[in-house]
Amino acid sequence: MRTHAQAVVIGGGVIGCSILYHLTKAGWSDVVLLERDELTSGSTWHAAANIHGLHDNNNITRIQNYTMDLYNALEAETGQSCGVFQPGSLYLAQTEARSHQLRLQAAKAKYYGLPFREIDRQEAEALHPLVNYDGIRCIMFEENGGNVDPSGVTNAYAAGARQNGAEIIRFCPVTGTEQQPDGTWIVRTAKGDIATEWVVNAAGLWGREVAALAGLTLPLQPTEHQYFVTETIAEIAGLDRRLPSVADRDGEYYLRQEGKGLLVGAYEKDLRFWAEEGTPQGFGHELFADDLERIEENMMRAIDRVPAVGEAGIKRVINGPMIWSPDSNVLFGPVPELSNYFCCNGIIPGFSQSGGMGLLAADWITTGETRYDMFAWDVARFGDWADKAFTKARVGDQYAHRFKIHFPGEERAAGRPVRTRPAYQMQKEMGAVFGLNYGWEHPLYFGDTPGAEDVTEGFTRQGWWDTVGAECRMLREHAGIIDISNFAKYRCTGPGAEAWLNSVFANHMPKSVGRSCLTPLIGKRGGIAGDFTVTRVGEEEFWIIGGGAAERYHQRFFRSVPLPAGTEFESLTEGFCGFNVAGPAARDLLARLTNSSLATSDFPFMRSAWMEIAGVPVLALRVSFTGDLGWELHCATEDQKKLYDALLEAGKELGAGPVGSRALMSLRVEKGYGSWSREYSPEYWPQEVGLDRLCKMDKEFLNKAAVAETLARAPREMLVLMELDADQTDASDADATGGEPVFRNGRGIGRVTSGAYGYSVGKSLALGYVKDAAPGDEVVVMVLGQPHKARILHEPPFDPKGERLRA
Numbered sequence: 021m022r023t024h025a026q027a028v029v030i031g032g033g034v035i036g037c038s039i040l041y042h043l044t045k046a047g048w049s050d051v052v053l054l055e056r057d058e059l060t061s062g063s064t065w066h067a068a069a070n071i072h073g074l075h076d077n078n079n080i081t082r083i084q085n086y087t088m089d090l091y092n093a094l095e096a097e098t099g100q101s102c103g104v105f106q107p108g109s110l111y112l113a114q115t116e117a118r119s120h121q122l123r124l125q126a127a128k129a130k131y132y133g134l135p136f137r138e139i140d141r142q143e144a145e146a147l148h149p150l151v152n153y154d155g156i157r158c159i160m161f162e163e164n165g166g167n168v169d170p171s172g173v174t175n176a177y178a179a180g181a182r183q184n185g186a187e188i189i190r191f192c193p194v195t196g197t198e199q200q201p202d203g204t205w206i207v208r209t210a211k212g213d214i215a216t217e218w219v220v221n222a223a224g225l226w227g228r229e230v231a232a233l234a235g236l237t238l239p240l241q242p243t244e245h246q247y248f249v250t251e252t253i254a255e256i257a258g259l260d261r262r263l264p265s266v267a268d269r270d271g272e273y274y275l276r277q278e279g280k281g282l283l284v285g286a287y288e289k290d291l292r293f294w295a296e297e298g299t300p301q302g303f304g305h306e307l308f309a310d311d312l313e314r315i316e317e318n319m320m321r322a323i324d325r326v327p328a329v330g331e332a333g334i335k336r337v338i339n340g341p342m343i344w345s346p347d348s349n350v351l352f353g354p355v356p357e358l359s360n361y362f363c364c365n366g367i368i369p370g371f372s373q374s375g376g377m378g379l380l381a382a383d384w385i386t387t388g389e390t391r392y393d394m395f396a397w398d399v400a401r402f403g404d405w406a407d408k409a410f411t412k413a414r415v416g417d418q419y420a421h422r423f424k425i426h427f428p429g430e431e432r433a434a435g436r437p438v439r440t441r442p443a444y445q446m447q448k449e450m451g452a453v454f455g456l457n458y459g460w461e462h463p464l465y466f467g468d469t470p471g472a473e474d475v476t477e478g479f480t481r482q483g484w485w486d487t488v489g490a491e492c493r494m495l496r497e498h499a500g501i502i503d504i505s506n507f508a509k510y511r512c513t514g515p516g517a518e519a520w521l522n523s524v525f526a527n528h529m530p531k532s533v534g535r536s537c538l539t540p541l542i543g544k545r546g547g548i549a550g551d552f553t554v555t556r557v558g559e560e561e562f563w564i565i566g567g568g569a570a571e572r573y574h575q576r577f578f579r580s581v582p583l584p585a586g587t588e589f590e591s592l593t594e595g596f597c598g599f600n601v602a603g604p605a606a607r608d609l610l611a612r613l614t615n616s617s618l619a620t621s622d623f624p625f626m627r628s629a630w631m632e633i634a635g636v637p638v639l640a641l642r643v644s645f646t647g648d649l650g651w652e653l654h655c656a657t658e659d660q661k662k663l664y665d666a667l668l669e670a671g672k673e674l675g676a677g678p679v680g681s682r683a684l685m686s687l688r689v690e691k692g693y694g695s696w697s698r699e700y701s702p703e704y705w706p707q708e709v710g711l712d713r714l715c716k717m718d719k720e721f722l723n724k725a726a727v728a729e730t731l732a733r734a735p736r737e738m739l740v741l742m743e744l745d746a747d748q749t750d751a752s753d754a755d756a757t758g759g760e761p762v763f764r765n766g767r768g769i770g771r772v773t774s775g776a777y778g779y780s781v782g783k784s785l786a787l788g789y790v791k792d793a794a795p796g797d798e799v800v801v802m803v804l805g806q807p808h809k810a811r812i813l814h815e816p817p818f819d820p821k822g823e824r825l826r827a
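For reference, each letter of the sequence shown is one residue, going 21 to 827 in my numbering.
Hints listed in this document are in silico derivations from the structure and should not be mistaken for laboratory results.
One thing to keep in mind: the hints can contain errors.
Unchecked claim - Lysine to aspartate or glutamate pairs mimicking EDC-like chemistry, simulated, CA-CA at most 20 Å apart:
#, residue 1, residue 2
1, K544, E720
2, K672, D468
3, K408, E297
4, K424, E244
5, K791, E815
6, K289, D347
7, K544, E571
8, K335, D310
9, K45, E297
10, K672, D407
11, K809, D753
12, K45, E97
13, K531, E571
14, K289, E244
15, K412, E497
16, K424, E560
17, K289, D260
18, K280, D169
19, K289, E251
20, K544, E357
It should be emphasised that the depicted structure is a prediction, and the values quoted were computed from it without experimental measurement.
Produce the complete structure using the sequences and hints provided.
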């Protein structure tokens, strides 16, 4: 066994073997995989191993299709069969919402050139004559859908990795992972120790236990999961082809051919958690006792749809464990608090995603960043607040609603609240409906019913649409008070603060006390890893405001630049709250609560000052994400309720009141403002988003060389604002929300990143990236999967010259 390696992968399931294989393809041959038992132990060996290409997230669609394409190439490369069957997959919609989802996916498939299309009942019956299509509103066919052999795929990855120089050691449990002072690791086993640069935790059911060896707690929880295989069905035995699989997600089961019978699996409401206190070390290829009564309702729906299921006997039942994260996405990427510790845990659709996970893991480990923005998977999306109770509640909800559509902007109540601020109860009594942002409860909008929960049940405009519109109009006509406490807040102090911030961020830091600047944070590939407002509040003190959901994500960048002696950098997110008071009456409202002058001559745009508002010390910043006249007010957490009370009371005479984050989304889209993880991400270059002027190439900063390369190139596409025509049949019932493809003359030219109705300008709007198009051009946006005429705007419809912002 080697004693030194570039990377040690822990876990010999399909994901661990894929990561090992892709590391070797990226040129790292000095890599080792350690497996506690035999390859495929744990969850891999008993997986149903279905494969499909389409996902609601565009980048996950990309990597799932990469995975499906890889399997045949992997067979040719290694000589190891992956047991690939690709007779196609039928997707059935029983509801309007499911039809919308499938048609949107079909539009995305057209944009990406993928074989996924709508078919009629006659073609569906020819493809799968055993299905009863009564009550089906929409049928899609994915030509390359199917399934693979779990052991075959795993062993093909292993064979490919070995051919490229990797070492795989079975029956070798890891007993310790110890980080060294230089950031490298010692991985300890009974067979000897390995010194390595990188540790990769791909331990599947034992991901929690392996993480604990490094002092980490991962939000993971296993459940039981059942499927069964029928005896031979005569109609199938008589066919000379394989039947396509059936995805009847409204029926809450999945079904495909297995041998000459059918395999049927279900995610039941009456789920069973397993191994809540830890996965047994001796567990390997065991299964649980059958308990088909739990999935009886799902089985009956499958029988109604495919009567042959009910006429055949059951050949075998598989009831095995799966391990889940709180949102059912993988926990992926380097742990921000450690050097070179990579996680890939909690994978559910492993055989649809294994190749893509391996590819992106190898990207990140060998180059420092993935080629696609995968924040939806990033382990940094959860913090310590995602405790055991939250994880169990969310996993239970995810399992029981596995096939429920995740509607745009939908918020689910399971496991909440986790983190609240002093004004939470007051806001709740005011009718606030809350969303979740990095564990924090924050108001989405203010309804009429105290304690109400979000109800979002479709892709069309929902019941809260008018309420959000009223909040937008109130702010544009008078003023609004927006709780922005969930923004990430940091403070950098000391003699080296300015120099350190200049070495991190691309823009020049403010030279004078009271001045602010906007600045990008540049990623390893020269894209936008973050956008921040930096304010100089003292000679040696700066405040930095950024995206709240990305706080742990951004720690990776901040930690990569050593702090000078005597300089400190700390998070203030828990210790400080904030409100944005914006709108034409914002100055009048605040003037009633302070003796400080708010006149433009004394307090111009992009300036800041410490002052008292209603006796509460606040750091006031003359900025507003609404694009309107406004101030951000940041106060100590213990003063939040007092400040909120005063702002609301002072606003009553002016027609002002509370405003939620859904209104803020509409307001910033009216102004054409981008948002991190939507318009801004490491995938996009500064010149593509209009931030190139903020990259100051006359100084040194993090990843300057990378951005110099990107800035030297022509933009691949450009961020634009589009207006959808209002006279279309269903334009009055739906807006773009993000992810919709954009076409011009029948050719895919881009995709929407954010969409909203602009209540104060009376327009349905969408921000997105396009290529080969310019302002004034007519385009087609696929809202609800249907073509909607739109045009690219020359300027934002609200205050295009920024006059109100600077008034």
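Verification of the supplied hints:
no., hint, in the structure
1, K544 x E720, "14 Å, holds"
2, K672 x D468, "17 Å, holds"
3, K408 x E297, "10 Å, holds"
4, K424 x E244, "19 Å, holds"
5, K791 x E815, "18 Å, holds"
6, K289 x D347, "17 Å, holds"
7, K544 x E571, "18 Å, holds"
8, K335 x D310, "12 Å, holds"
9, K45 x E297, "38 Å, violated"
10, K672 x D407, "40 Å, violated"
11, K809 x D753, "15 Å, holds"
12, K45 x E97, "12 Å, holds"
13, K531 x E571, "25 Å, violated"
14, K289 x E244, "12 Å, holds"
15, K412 x E497, "45 Å, violated"
16, K424 x E560, "52 Å, violated"
17, K289 x D260, "37 Å, violated"
18, K280 x D169, "16 Å, holds"
19, K289 x E251, "26 Å, violated"
20, K544 x E357, "18 Å, holds"
The structure fails to meet hints 9, 10, 13, 15, 16, 17, 19 from the earlier list, while all remaining hints are met.
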